[in-house]
Amino acid sequence: MLTETMSTFFLFFALLLCSPRPSSSQEHSFTSFSSSDTPWRPLQNRLLLSPNSTFAAGFLSLPGSKNRFSFSIWYNNLTQKTIVWSATGANSSLSSNASLIITNSSNLRLVEDGSSTTNLWPVTAKGNSSSNRLLLQEDGNLVFGGWNSFQFPTDTFLPTQLINELDLRSRNGKFTFSNSSLSYNNDSYWSSSNMFIKLDSNGSVAQLNGISIISADYGDPRLRRLTLDDDGNLRLYSIDPKGGSWLVTWQALQEICKVHGLCGPNAICVTDGLKDPTCVCPPGFTKNSTDPTACVRRKNLINKTKFLRLDYVNFTGGLDQSDLKVSNYSSCEASCLSKSNCLGFMFKYDGQGFCVLQLERLLYGYWSPGTERAMFLRLDDSETDESNFNGMTSLLNTTCPVRISLPLPPAETNTTARNIAIICTLFAAELMSGVFFFWTFLKKYIKYRDMAQTLGLELLPAGGPKRFTYAELKAATKDFSNAIGKGGFGDVYKGELPDKRIVAVKCLKHVTGGDTEFWAEVTIIARMHHLNLVRLWGFCAEKGQRILVYEYVPNGSLDKYLFPAGRIESLGAQKDMGPAAIDGPKPLLEWGIRYRIALGVARSIAYLHEECLEWVLHCDIKPENILLGDDFCPKISDFGLAKLRKKEDVVSMSRIRGTRGYMAPEWIKSDPITPKADVYSYGMVLLEIVTGSRNFEMQGSMMESEDWYFPRWVFEKVFKETKVEDILDRQIKHCYDGRVHFEMVDRMVKTAMWCLQDRPDIRPSMGKVAKMLEGTVEITEPKKPTIFYLGEE
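Quick note on numbering: the sequence shown equals residues -25 to -1, 1 to 768 in mature numbering (1 follows the signal peptide of the UniProt record, and there is no 0).
Derived by calculation from the structure, the hints in this document are not laboratory data.
Every residue, glycine too, gets a C-beta built ideally from N, C-alpha and C.
Just so you know, not all the hints are guaranteed correct.
Simulated pairs of lysine-lysine, BS3-like, Cα-Cα distance not exceeding 30 Å [stated by the list, open to error]:
id : residue 1 : residue 2
1  : Lys56     : Lys41
2  : Lys279    : Lys323
3  : Lys418    : Lys461
4  : Lys250    : Lys281
5  : Lys708    : Lys746
6  : Lys323    : Lys250
7  : Lys461    : Lys323
8  : Lys461    : Lys441
9  : Lys314    : Lys281
10 : Lys698    : Lys725
11 : Lys475    : Lys453
12 : Lys698    : Lys644
13 : Lys323    : Lys281
14 : Lys56     : Lys300
15 : Lys758    : Lys743
16 : Lys725    : Lys758
17 : Lys461    : Lys419
18 : Lys743    : Lys695
19 : Lys518    : Lys461
20 : Lys173    : Lys101
21 : Lys173    : Lys217
22 : Lys725    : Lys708
23 : Lys279    : Lys250
24 : Lys314    : Lys453
25 : Lys484    : Lys644
26 : Lys758    : Lys561
Simulated restraints, written as ranges between beta carbons of each label pair [claimed, not checked]:
id : residue 1 : residue 2 : range
27 : Lys217    : Trp494    : 22 to 32 Å
28 : Asn139    : Ile58     : 39 to 49 Å
29 : Glu700    : Glu589    : 51 to 61 Å
30 : Asn161    : Pro14     : 56 to 66 Å
Hey, can you work out the whole structure from these sequences and the hints?
Put into C-alpha cells, the structure is as follows:
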C-alpha cells in the first residue's frame, strides 16, 4: 500500500515538472497607461494598443541588440514592425533598466533608471484632471493630457497628421525635411514650390493653393505613411493588401544620386536606377582611407595643370555655383585658370554660354545623362589617368581610317596657259549668263507683282491665302500698337489693310518648321470654310516671324457676355482672348441667342472632326475661343493651330494641353487623345452657356472644394432635385418661361451630360451632338457624370 502511494506521488511530481509553464515573454496588451500601471519597463513585454489594434506602442528592442531599446509606435498587424515614431529620436537608445512612469504630479517621464533625474521624453508632458492617461488613438497619435506625438514627429508623417511647419529627421540623423524642403547639413537639395499640409489615406498629399501630390495607387483607402528614409529621399508608402509589404507610390527625387551627402568630398555618386548608388573616384583621385565614400587627390595642383572632361558629371557643392554666361568654351576655361582655387568647371554645349566654376572643394558629385553637361576636372599636367566618364561623342571615331593618296601631277607642258585661258573664258561666260537671266526674271516678277497689286488680284482665292510682308502688317497695325487680345498662341492686334478691310493680326509664338512647312499648314487652315469658323485671309513668314491675318469679329469673345466683370475669369491659366474684342458693358444674351450659339459651335466642331479633308482636333474649346459676329453668330478661333506648335510644347511630361477646367479626363490619365476630348470640352462650355457660371465656381454647395465637380452639381439639381431654375444664369433667370424654354434648356443640359461622361466611348460624336441639340434624334436619360479621381459618392 505504501509502495503504491509513493509511486503515485512520484508520477504526479514528474508530470508537474514536465507541464509547460507560462512564458515570461508573453506580451500583455492594454488600451491605456495610468499611474496605477507605473512603472513600465522594457522587459515587461507590455503593449499599448489603439482601439482597433492598428497601431501599437511600447518598448521595442533595437535591431542587432537585445539589450538596447526604444519607446516607439509601430503598425501592429504587419509581419514587419514598421516604426513610425520614437520618443528618443534617431541617435539614442535605452537600456533594460529604463522605465516610463506617471508621477504623482501627473507628469509623464521616461528615465534611464529609477534614480535618474533626466527626463528623456521629447518635451514636458503633463496630464490634467480630465485626462491623466497615456492613450494611443486609432490614427497612430499618442496622447497624454495636452501633449500628443503628432506635434513632435521623428521620420514619418501619418494620414490626418498636419505637416505644415513640422520637421522630419531621418533615422540616421543625416537628413532633414523642413518647410517642404529636403536638406543635408542645412544645404537644400530638393524643395517643393507649395507647402505640404496633410496626407490622407487615399494617397493624396494636400498642398497650399489647392494643389495635391497624387500617389500611383490613388483612390484606394490603405495604410499609408510619408517617410524620410536614411538615403535622404522622401517617399510615400502604401501597404500591399495581398503581400502585406510596403510599396513606394511617390518619391521626391527620381535620381537618388542627387541627394547631398550620399558620397563624400571629391567622390561621384553613380547608379543605374535599380541598384544602390556607389561612390566612384574621378581620374587623379583615390579612395580616402578613413572614409570609403570620399576620395583624395593623388597629386596636388602646384605646377602646370590640364583639364580632363567627365561627361554628364556634376558637382553641386562648390563655393561658386553662379552661371557666368560666357561666350564660348575657351572663355570658361580661361576663367577657371585665372583662379588658383578653381578645381574645375562645368560647361554645356548648347550655345547658351553655361559655365559654372568649382572653387575650393568638390562636393555632392553625381553622374546623370539628363544634365546634358560635362565637368572639366583640373589635374596636374603629369597625371596619366584617362576619363572614366565618356559620352557617345568620344566613341564615334573611325576604327579603320582610310588613307587616300593622289598621284603626282604631270610635268608642265606648253598647253598649260591655253587651258587656263579656256577655263577662265567659260567661267566668265557662265557668270554673265547667270546675271542676265536673273535680272530678266527679277524685272518680270516686279512687273507682274505691281500689276496684281494694282488690279487687286492678290485678293483672289487662287488655291491659298495671301502672303503678306512683315512691313505691310507693321503698317496696317500701326507698328503693332493696338493690342486687342493675348493668349497661349500669341498676341492679337487690330489693323486696317490698304483696301480698308479691318483685320485681326495674330503674332504666333513657339511655332516650328521652315517657311515652306508653315505655308503648307496655313494653306490647309485657310481652306476650312464654315459659317461658324473665323476666316483666315493671309499670313506672314519672314525674319523669323510667324503671323496670321484673320477677319475681324467685332463683338469679341463669348466669355465677356457669360461672365460679367467682377467675377472670377480664370483658374490660374493665361486667358486666351480671341482675335477680336470690344470694351464697355455687354448686352445680355437671351435664351434663343444662347441656343443658336450652342448649336453653331457644335456644327463647326462637327465640321472640323468629320467633314474636313484633313482630320482636325481643336484641343482648346472654351468661351474665350468662341467669337461673336454682328448678329451674334458664333465663330470658333484658334482651330488647326496644334500642328504649328513646337514638339516640346505639344508633348510634355504630363501631355496636358488646353485650359484647366475644360480638359477631358484622358489628358490626365495619359489615355489616347481622340475627337471625344473636344466633345468633353464642348459639354463644359454648353453648361456654362446655360448657367452663366465658370465650371470651377462653387455654387452654394456644402461639399469640400477638392470634391467639387460642376457637372455633378448640375446633374443632381436637374435630375435628382428637379430644380432646373437653380442652375439658370442669374442674369436672365427672370426671363425663363418653363412653357417656352423648358424643352430647349432640357435638350442643352441632357446633351451636356452625355458629352461630359468620364469614358470617351460613351460620349457621342460632335455630329450626333448637333442633332441632339436640333431635336432630330431622341436623347435618352444621361448617366451621372463622374471623374476618375472623385468617383461616385
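Going down the list of hints, with the structure as the test:
{"no.": "1", "hint": "Lys56 - Lys41", "verdict": "holds (15 Å)"}
{"no.": "2", "hint": "Lys279 - Lys323", "verdict": "holds (25 Å)"}
{"no.": "3", "hint": "Lys418 - Lys461", "verdict": "violated (41 Å)"}
{"no.": "4", "hint": "Lys250 - Lys281", "verdict": "violated (34 Å)"}
{"no.": "5", "hint": "Lys708 - Lys746", "verdict": "holds (26 Å)"}
{"no.": "6", "hint": "Lys323 - Lys250", "verdict": "holds (28 Å)"}
{"no.": "7", "hint": "Lys461 - Lys323", "verdict": "violated (34 Å)"}
{"no.": "8", "hint": "Lys461 - Lys441", "verdict": "holds (24 Å)"}
{"no.": "9", "hint": "Lys314 - Lys281", "verdict": "holds (14 Å)"}
{"no.": "10", "hint": "Lys698 - Lys725", "verdict": "holds (14 Å)"}
{"no.": "11", "hint": "Lys475 - Lys453", "verdict": "holds (14 Å)"}
{"no.": "12", "hint": "Lys698 - Lys644", "verdict": "violated (33 Å)"}
{"no.": "13", "hint": "Lys323 - Lys281", "verdict": "holds (19 Å)"}
{"no.": "14", "hint": "Lys56 - Lys300", "verdict": "violated (53 Å)"}
{"no.": "15", "hint": "Lys758 - Lys743", "verdict": "holds (17 Å)"}
{"no.": "16", "hint": "Lys725 - Lys758", "verdict": "holds (9 Å)"}
{"no.": "17", "hint": "Lys461 - Lys419", "verdict": "violated (41 Å)"}
{"no.": "18", "hint": "Lys743 - Lys695", "verdict": "holds (26 Å)"}
{"no.": "19", "hint": "Lys518 - Lys461", "verdict": "holds (22 Å)"}
{"no.": "20", "hint": "Lys173 - Lys101", "verdict": "holds (27 Å)"}
{"no.": "21", "hint": "Lys173 - Lys217", "verdict": "holds (27 Å)"}
{"no.": "22", "hint": "Lys725 - Lys708", "verdict": "holds (19 Å)"}
{"no.": "23", "hint": "Lys279 - Lys250", "verdict": "violated (39 Å)"}
{"no.": "24", "hint": "Lys314 - Lys453", "verdict": "violated (53 Å)"}
{"no.": "25", "hint": "Lys484 - Lys644", "verdict": "holds (28 Å)"}
{"no.": "26", "hint": "Lys758 - Lys561", "verdict": "violated (36 Å)"}
{"no.": "27", "hint": "Lys217 - Trp494: 22 to 32 Å", "verdict": "violated (59 Å)"}
{"no.": "28", "hint": "Asn139 - Ile58: 39 to 49 Å", "verdict": "violated (23 Å)"}
{"no.": "29", "hint": "Glu700 - Glu589: 51 to 61 Å", "verdict": "violated (44 Å)"}
{"no.": "30", "hint": "Asn161 - Pro14: 56 to 66 Å", "verdict": "violated (39 Å)"}
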